[in-house]
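2 protein chains.
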Amino acid sequence: MDNFEFCVGTDILFGKGQLEKLPGVMAQYGKKVLLVYGGGSIKRSGLYDRVKNALKEFEIVDLGGVEPNPRVETVRKGAALCREKNIDVLLAVGGGSTIDCAKAISAAVFYEGDAWDMVLNAAKGAIGKTLPVCTVLTIAATGSEMDGAAVISNMETKEKLTIIHPNLLPKCSVLEPENTFSVPARQTAAGSADIMSHVMEVYFGAEDTFLTDCICESVLKTVIHYAPIAIREPENYTARANLMWASSLAINGLCNAGKAHDWSCHYIEHELSAYYDITHGVGLAIVTPQWMRYVLSDKTVDKFAAFAVNVWGLDPHTEKFTLARQGIEKLEQFFRSLDIPMTLGELGIKDEHFVEMAKHAVDFTGIGSISYVPLTPEDIVKILRECL
Amino acid sequence: MDNFEFCVGTDILFGKGQLEKLPGVMAQYGKKVLLVYGGGSIKRSGLYDRVKNALKEFEIVDLGGVEPNPRVETVRKGAALCREKNIDVLLAVGGGSTIDCAKAISAAVFYEGDAWDMVLNAAKGAIGKTLPVCTVLTIAATGSEMDGAAVISNMETKEKLTIIHPNLLPKCSVLEPENTFSVPARQTAAGSADIMSHVMEVYFGAEDTFLTDCICESVLKTVIHYAPIAIREPENYTARANLMWASSLAINGLCNAGKAHDWSCHYIEHELSAYYDITHGVGLAIVTPQWMRYVLSDKTVDKFAAFAVNVWGLDPHTEKFTLARQGIEKLEQFFRSLDIPMTLGELGIKDEHFVEMAKHAVDFTGIGSISYVPLTPEDIVKILRECL
Numbered sequence: 004m005d006n007f008e009f010c011v012g013t014d015i016l017f018g019k020g021q022l023e024k025l026p027g028v029m030a031q032y033g034k035k036v037l038l039v040y041g042g043g044s045i046k047r048s049g050l051y052d053r054v055k056n057a058l059k060e061f062e063i064v065d066l067g068g069v070e071p072n073p074r075v076e077t078v079r080k081g082a083a084l085c086r087e088k089n090i091d092v093l094l095a096v097g098g099g100s101t102i103d104c105a106k107a108i109s110a111a112v113f114y115e116g117d118a119w120d121m122v123l124n125a126a127k128g129a130i131g132k133t134l135p136v137c138t139v140l141t142i143a144a145t146g147s148e149m150d151g152a153a154v155i156s157n158m159e160t161k162e163k164l165t166i167i168h169p170n171l172l173p174k175c176s177v178l179e180p181e182n183t184f185s186v187p188a189r190q191t192a193a194g195s196a197d198i199m200s201h202v203m204e205v206y207f208g209a210e211d212t213f214l215t216d217c218i219c220e221s222v223l224k225t226v227i228h229y230a231p232i233a234i235r236e237p238e239n240y241t242a243r244a245n246l247m248w249a250s251s252l253a254i255n256g257l258c259n260a261g262k263a264h265d266w267s268c269h270y271i272e273h274e275l276s277a278y279y280d281i282t283h284g285v286g287l288a289i290v291t292p293q294w295m296r297y298v299l300s301d302k303t304v305d306k307f308a309a310f311a312v313n314v315w316g317l318d319p320h321t322e323k324f325t326l327a328r329q330g331i332e333k334l335e336q337f338f339r340s341l342d343i344p345m346t347l348g349e350l351g352i353k354d355e356h357f358v359e360m361a362k363h364a365v366d367f368t369g370i371g372s373i374s375y376v377p378l379t380p381e382d383i384v385k386i387l388r389e390c391l
Numbered sequence: 004m005d006n007f008e009f010c011v012g013t014d015i016l017f018g019k020g021q022l023e024k025l026p027g028v029m030a031q032y033g034k035k036v037l038l039v040y041g042g043g044s045i046k047r048s049g050l051y052d053r054v055k056n057a058l059k060e061f062e063i064v065d066l067g068g069v070e071p072n073p074r075v076e077t078v079r080k081g082a083a084l085c086r087e088k089n090i091d092v093l094l095a096v097g098g099g100s101t102i103d104c105a106k107a108i109s110a111a112v113f114y115e116g117d118a119w120d121m122v123l124n125a126a127k128g129a130i131g132k133t134l135p136v137c138t139v140l141t142i143a144a145t146g147s148e149m150d151g152a153a154v155i156s157n158m159e160t161k162e163k164l165t166i167i168h169p170n171l172l173p174k175c176s177v178l179e180p181e182n183t184f185s186v187p188a189r190q191t192a193a194g195s196a197d198i199m200s201h202v203m204e205v206y207f208g209a210e211d212t213f214l215t216d217c218i219c220e221s222v223l224k225t226v227i228h229y230a231p232i233a234i235r236e237p238e239n240y241t242a243r244a245n246l247m248w249a250s251s252l253a254i255n256g257l258c259n260a261g262k263a264h265d266w267s268c269h270y271i272e273h274e275l276s277a278y279y280d281i282t283h284g285v286g287l288a289i290v291t292p293q294w295m296r297y298v299l300s301d302k303t304v305d306k307f308a309a310f311a312v313n314v315w316g317l318d319p320h321t322e323k324f325t326l327a328r329q330g331i332e333k334l335e336q337f338f339r340s341l342d343i344p345m346t347l348g349e350l351g352i353k354d355e356h357f358v359e360m361a362k363h364a365v366d367f368t369g370i371g372s373i374s375y376v377p378l379t380p381e382d383i384v385k386i387l388r389e390c391l
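Going down the list, the sequences are from chains A and B.
The first sequence begins at 4 in our numbering and counts up one residue at a time.
The second sequence begins at 4 in our numbering and counts up one residue at a time.
Source of the hints: derived by calculation from the structure; they are not laboratory data.
Treat the hints with care, as some may be off.
It does not matter which identical chain is used: a pair holds within one copy or between any two.
In silico SDA-like pairs for lysine to any residue, Cα to Cα no more than 20 Å straight-line [stated by the list, open to error]:
(1) Lys24 - Phe7
(2) Lys323 - Arg296
(3) Lys19 - Gly49
(4) Lys19 - Leu58
(5) Lys24 - Gly12
(6) Lys88 - Tyr32
(7) Lys224 - Lys306
(8) Lys34 - Gly131
(9) Lys174 - Gly151
(10) Lys302 - Glu70
(11) Lys132 - Gly27
(12) Lys302 - Met158
Pulled out of the complex, with its shape left as it was, chain A reads as follows (with noise of 0.2 Å):
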């Protein structure tokens, strides 16, 4: 079991109603608020005049219009918002990008160089200082309400990195179940899919991680039961709920405590996203079975294995290269089954890019060498290869 730091001091207001302890908890921090938001579905469902209506004793500036993958564009212009009108406090309202842009907008205020050098440099210090953030969110899925870490994507460079830094924890998040009611099918689907990539990436590493590995487990077996509940019938708060709960829990730091961090799946999406601009969840989707596959080995069976009797109650009693086999399979069936597109071709995707995209990979994460198995750029090829 490796050793860990364990520090999530978030505070979860989570269930019905919980929006109006909010006030509450951002007076604390001032009373001038950046609301950061994207594209205009929460107007349509009426939770933009819900906050609104609880914040009103607070001066609100709106940056609305935060792209799925957030730009670094948004994040400067957020930046130069918050120094114009001396912001105090931001709140996003709504999914993974946009509390990631909120949160990169929270770090670049305090950034002297231009923000794409900040997320460049951000594991080397670039990030120090920052505004507080609370969230709304509105979709389960990338467990960015209860983290400390947030990705941005440049176009024009074709890059969408990550940056992790203590001090981009929210402050507070607002988890009401009821918001999430709204949320498509389709990206209910999807957002499942990278809640339960979260918990895979880690949960392949270390053997004496039994209590984590039980934790995994659960966060797995949750989704999996409720998210053709949700996805069949939206307005079904349990569903929702348990899946919100789970999209938190699967990437705040329980599910790799004591594991070596890995993360393949996500460097691999995070270029497909960057040359793309697919959605997040769906890349994994397609990813994750294909990885598991090329990585299977006398080195890797065993864990695949439990995760086949674990995860999906297959019988134990079955060879377990076979066992390995059927796990995966279950899960791709299951992806599948909640309608996601699960080759690169169904979203015109060819392989034209694929050598630069492996070698970008390798050069700018630990892929190639401290992952559980690390990969050579030839490697990824391969398995993006078997994506088409």
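Position chain B against the provided structure of chain A, taking the given hints into account.
Then chain B, alone, in the frame of chain A:
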């Protein structure tokens, strides 16, 4: 799924050699430290010297001799020391009793009246400002290292009461599994029963908390798997590490997220400890199976059957009442296999105070009103008689 708030910002430093990070964390609070510890086992193990050495840049005031079931007298003494020596931060090195004592001291420092008044009025706003508390944990048991509660005893009035406040949450807890290598078998067993009790107290509640239930089962399975190993091989790092992390996760809010609180067995056990000063975990191990048998009914049987299947791996096709009873029997057998005395008779306890104990429990807790199965004083006496 009930509404809940989850906000647990304790900085957990888990693993080998983590003590060296503590001075950096503590320095932000000041230089004057009240070092709180128990009966001297940390001197025998060498931990006391390691702590002193790590904190050589700090001014340290010792408060040793904290009792198991810590007394209000020690809280008074500690609070007086803090005032007299202008203490900035408390460091509790020990188990739950030591940590609970430090937490109570941290609040009593700022309370104008007597410390026992503060305990009695904790739920009515008596706890406000506190000094920061850090901990170095030496036994996997109470989870006090990562929660905002403390239990203090008054042997004069025969009362053992819980105080709860967010400000009692430790700022930082050092969890080095090796510090539990020297915990004797008897205490390892009692601590394991305590961890399991924390989960079982909340497990038998709501039906729609799938993820939380899976996490409860994860913690229970971890203790069932590793407690016998830790007793057989006291220096098995993996066993000690998994038990230690289970201790922290059992009671930090994760296992009751979305569930109504219960704690019936703790309320009954607190009466036993207050009258007879018994080991908390032992009292819980005795009371819990008898409480389970007493509350088993048409209303509760499904959950007890799920407990039998998901925690103990029993056959789901068995008739559900039989299954429920088999699960309870498994639990009792497990505690017995750890050499825990499983009757009050073995502790020399007779029934002479049961009536007043039962009345006190109903008067001072929610056991008669908001529990999973509300109990009258007569019910409690019946359960206690079954424990004889």
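Hint by hint, here is what the structure shows:
1. Lys24 - Phe7: Between copies only: 12 Å across chains, 32 Å inside a chain, cut-off 20 Å.
2. Lys323 - Arg296: For Lys323 and Arg296, the Cα distance is within 20 Å only inside one copy (14 Å; across copies 41 Å).
3. Lys19 - Gly49: within (15 Å within a copy, 51 Å between copies)
4. Lys19 - Leu58: within (18 Å within a copy, 46 Å between copies)
5. Lys24 - Gly12: Answer is both; intra-copy 17 Å and inter-copy 19 Å each pass.
6. Lys88 - Tyr32: Within. Shortest intra-copy distance 15 Å satisfies the 20 Å Cα cut-off; inter-copy 33 Å does not.
7. Lys224 - Lys306: both (16 Å within a copy, 18 Å between copies)
8. Lys34 - Gly131: neither (23 Å within a copy, 25 Å between copies)
9. Lys174 - Gly151: both (10 Å within a copy, 19 Å between copies)
10. Lys302 - Glu70: neither (41 Å within a copy, 50 Å between copies)
11. Lys132 - Gly27: Only across copies: Lys132 and Gly27 sit 19 Å apart there, 23 Å inside one copy, limit 20 Å.
12. Lys302 - Met158: neither (38 Å within a copy, 58 Å between copies)
Taken one by one, the earlier hints fail for this structure at numbers 8, 10, 12, listed in ascending order.
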